[in-house]
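Q: Sequence:
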Amino acid sequence: MKLIVCSKRDVASQNIKDNLLNLIQADKETINGIDFYISDGIAIADIDERLIYADYIDERLSKYLSFDEILFASRHSSKDGRKIITSHVTGNVGRADYGGRVYSLAKPSPITMKNFAISVTRKLKDTEYEFTLEATHHGPSEIKTPSAFYEIGSTENEWKDEEIAFIVAESMLEAIQMKENWIVALGVGGTHYAPRQTEIELKTIYAFGHIFPKYTFNDLTKEFLKKAYEISEAELIIIDEKSVNSSVKNLLNEVTNELNTRVIKSKEAKEEVVV
Numbered sequence: 000m001k002l003i004v005c006s007k008r009d010v011a012s013q014n015i016k017d018n019l020l021n022l023i024q025a026d027k028e029t030i031n032g033i034d035f036y037i038s039d040g041i042a043i044a045d046i047d048e049r050l051i052y053a054d055y056i057d058e059r060l061s062k063y064l065s066f067d068e069i070l071f072a073s074r075h076s077s078k079d080g081r082k083i084i085t086s087h088v089t090g091n092v093g094r095a096d097y098g099g100r101v102y103s104l105a106k107p108s109p110i111t112m113k114n115f116a117i118s119v120t121r122k123l124k125d126t127e128y129e130f131t132l133e134a135t136h137h138g139p140s141e142i143k144t145p146s147a148f149y150e151i152g153s154t155e156n157e158w159k160d161e162e163i164a165f166i167v168a169e170s171m172l173e174a175i176q177m178k179e180n181w182i183v184a185l186g187v188g189g190t191h192y193a194p195r196q197t198e199i200e201l202k203t204i205y206a207f208g209h210i211f212p213k214y215t216f217n218d219l220t221k222e223f224l225k226k227a228y229e230i231s232e233a234e235l236i237i238i239d240e241k242s243v244n245s246s247v248k249n250l251l252n253e254v255t256n257e258l259n260t261r262v263i264k265s266k267e268a269k270e271e272v273v274v
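Mapping of the sequence shown onto the working numbering: position 126 corresponds to residue 125, and the numbering continues sequentially without gaps.
Some hints could be false.
Said to hold, decoys possible - Calculated cross-link-like contacts (lysine to any residue; reagent style SDA-like; alpha-carbon spacing at most 20 Å): (1) K264 / E253; (2) K7 / Y97; (3) K241 / V262; (4) K7 / I51; (5) K124 / P194; (6) K7 / K159; (7) K82 / I30; (8) K202 / E253; (9) K221 / S245; (10) K159 / D17; (11) K213 / S242; (12) K122 / V273; (13) K225 / G93; (14) K269 / Y192; (15) K213 / K248; (16) K122 / T203; (17) K221 / K248; (18) K225 / T215; (19) K213 / S103; (20) K264 / I204; (21) K62 / E28.
What the hints contain is simulated information worked out from the structure, not anything from laboratory work.
Take the sequences, apply the hints, and build the full model.
A: Here it is, written out as structure tokens:
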């Protein structure tokens, strides 16, 4: 079963939840103050806490039902006010200012993320919104079940946009149901909104797990990169070659030697388009 986690403290999350419930037939059950909506192969959990602080939510909710993946339905906030739909894995490289723990990573669900990216981008074609991946950031980091965030941004106007929430909800359901065998990659380099990784995600055979942008380079270690690679269940590492410096390249060489994997540049990855 796939579990979609929503927060009662998040306007966008509630908007997505309401649209999900219009798309599926679900039975409501309240257990220990948590509202569950259970359908065939899909469940929604509506929790009281903010999603970024929901560490160990998989362990807590597994007491009530069985599931193998979590999709967090969330708002996205930014000062630029862009109309965007984002998706990303959670975790912290250096500091942990917004939930989770320092140097801790949630387990990603890269296949569902890529399926969502493809589905939602197609549906956003006639809107003012665009889709983008984001780099790994914020909590919860203590999640052992494969998971990712699916977000509406970037202001309250967008969070309350029912048409967009419907598109996101529909795309989440499609992403769960799609059966694709993408090649999972760890991403290194670029900026927070990951334009090169987003292009690769949408057009090629590769699906990203964790992504570490340039601003994390001073905090990256060999062991941390190895951990990110392993929990992403990645098959290779894709770098944004224009931003990766020599010290990070040396780190990656050590990682590839120890894990018997390889590094390719983003321009090489872009050649592996979906036919």
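Q: Measure nothing beyond the straight line between the CA atoms of K264 and I204; if it is 20 Å or shorter, mark the hint as holding.
A: 14 Å, holds
Q: Holds or violated: K264 and E253, Cα atoms, limit 20 Å.
A: Measuring from Cα to Cα gives roughly 17 Å; hence the hint holds.
Q: With a cut-off of 20 Å on the C-alpha distance, tell me whether K62 and E28 pass.
A: Distance of about 14 Å is within 20 Å: holds.
Q: Within a Cα-Cα threshold of 20 Å, do K269 and Y192 meet the stated pairing?
A: Holds. K269 to Y192 sits at ~18 Å (cutoff 20 Å).
Q: Please work out if K213 and S103 have their alpha carbons no farther apart than 20 Å.
A: 18 Å, holds
Q: Holds or violated: are the alpha carbons of K159 and D17 at most 20 Å from each other?
A: 11 Å, holds
Q: Run the distance test for K122 versus T203: straight-line Cα separation, threshold 20 Å.
A: 19 Å, holds
Q: Can the restraint linking K241 and V262 be considered satisfied, given a maximum Cα separation of 20 Å?
A: Satisfied, since the Cα-Cα distance of roughly 14 Å is no more than 20 Å.
Q: Regarding the pair K225 and T215, is the alpha-carbon distance no greater than 20 Å?
A: Holds: K225 and T215 sit about 15 Å apart, inside 20 Å.
Q: Given the hinted pair K213 and K248, is their Cα-Cα distance within 20 Å?
A: 12 Å, holds
Q: Run the distance test for K7 versus Y97: straight-line Cα separation, threshold 20 Å.
A: 18 Å, holds
Q: Can the restraint linking K7 and I51 be considered satisfied, given a maximum Cα separation of 20 Å?
A: The hint holds at about 13 Å.
Of the numbered hints given earlier, the model fails hints 7 and 8; all others are met.
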